[in-house]
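Chains as they are written, first to last, in full-length UniProt numbering: chain A, 1 to 297; chain B, 1 to 297.
Because the hints were derived from the structure by calculation, they are not lab data.
We put the CB at the ideal spot given by N, CA and C, even for glycine.
Calculated Cβ distances over 12 Å to all of chain A for the following chain B residues:
hint	residue
1	E6
2	Q51
3	P68
4	A74
5	Q117
6	A120
7	Q208
So, partial list: chain A residues that the calculated Cβ filter (under 8 Å) puts toward chain B:
hint	residue
8	T152
9	L227
10	A282
2 protein chains.
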Amino acid sequence: MPEYREIIDNPRSERIRRIAELSERRRRQRYGRFMIEGPQCVREAVACQPQCLLDIYVEVEPDAGMKPVSTAAAQIRNSALKAAPRAYIHYVSSRTMQAISKDAQGIVAVGRLEDLQVQANSLLLPQDQTGQAESVQVAALWQVRDPGNEGTIIRTADAAGLQALLLVDDCVDPFSPKVLRATAGSIFHIPVVQVSTDEFFTWVQTRQLPVVAADVYGTSDRVPVSLPDMLAQSKEAASGLALLFGNEARGLPTALLERSDSIVSIPIYGKAESLNLAMSAAVLLYSLAMSSRLGRM
Amino acid sequence: MPEYREIIDNPRSERIRRIAELSERRRRQRYGRFMIEGPQCVREAVACQPQCLLDIYVEVEPDAGMKPVSTAAAQIRNSALKAAPRAYIHYVSSRTMQAISKDAQGIVAVGRLEDLQVQANSLLLPQDQTGQAESVQVAALWQVRDPGNEGTIIRTADAAGLQALLLVDDCVDPFSPKVLRATAGSIFHIPVVQVSTDEFFTWVQTRQLPVVAADVYGTSDRVPVSLPDMLAQSKEAASGLALLFGNEARGLPTALLERSDSIVSIPIYGKAESLNLAMSAAVLLYSLAMSSRLGRM
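In isolation and in its complexed conformation, chain A is listed as follows (with noise of 0.2 Å):
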């Protein structure tokens, strides 16, 4: 809420200076936070997470008053002033947007790490009175190390309509700056949580989801089901799961599949040996989600 109403213009400052440092995961971790970059990212902050938010630094035009360089970076400060009762707005000049993002686009957001960061334990999911939990997904990404894959899962995994994606194991850190824009703001809309394996394997059976693991091959003693099969048997993706993805290039290991409940592969129809991890992940989670929802119909 509260406005500075000075022009910061001073690429070499100290708070600059921390602020572009935010892209580092080591610098991320000591202080805390993490920054966010462009329109799309820092609206869907506002409007979903506003506690997070502690600064906003709008880029304003040279001579103009203090008029944001673009539309969009105006509406979001009006927004922010409403609804983001702790962030400080900051005004700053072009070079000093550049020294803090090349990739800002007239805005970028400074949020505190802890409200995001969801602790496994504390993730409640709609459950039905018998404890069991009803027609819940969550999708769960292990040693996944591309950021734009997993980004653009997370952004998928929002728009199949999932409550939660489970980070499993060493994935890429979810709030770098390339990870958080491939989101296109995603991560403000549903929980990301990072788990060791063996949290993972805790937390679904706790939660009595069946672990449906996506794997092409198997293992020696089981036989992958084709996805067509798992949606017209439907039973599954009706009841709830979570579905588990690989390592872009190794895929899921043996010891993981065999601890998973089954095993899911999409058929090929052409010539091509497989999808790349994001098609894949595409594919799995929107088919299931719409079987379900016609399941439930």
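For this one, chain A is given, so just place chain B on it according to the hints.
Okay, now just chain B, sitting in the frame of chain A:
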């Protein structure tokens, strides 16, 4: 088939410079050739379009006879010796390969453009005896500009068993190295046809393929049909169609929506504003491919 058993070790030679220049569109057009980087793409070119191959460059280890640096490269070289009748095999040093491409991973090939460039008129599709297209599914991209998107959609169209991919109006050149890499070799599996907007509509009309435009908003006259509703009717998917996708940022212009037979949108179940182009394409192409196959069973 012919093999030059001496190692090229001159990164600055005219020949090497000319291959590297094939990363530029105007050079590809002038020389009528394109560059195929890396084991995955070269392997698929050798397996599925060997007639287009002119030269294959294999990186060899220093002081180890003519031993390729990777087993993959060695295997592809062996296949090419049998399968690619016109291709010359050359061996190059590591620094020479670096000068050709940073993404070679030990093997690069040069292909003749005219052998892969399919003319819309000459593209044959499976048709029934009445002349009406039966279960033909093709995808069309209008003014798609991101190489990664275009390549990934070609790969997904291949995996989903589509018969062709049409690039309408001014799309990114499918023979650029970035697109080729993103196809993971699928450009050698399905015909990729470059057409103008008018040629596209004539082409689908001749083949009696209804055009289904993917669009969130529709026109003032027509609301988009939601994908699950379209799948429930499933007529269109079973009897063949052309799915049309628009530009990443601007989508499809009204004029093109009005010329299409129907408009389909993917439901958003969560808070995301939309899916990105590649993810939308994955969801639509696969939903329709799976649905038409179930319908035919």
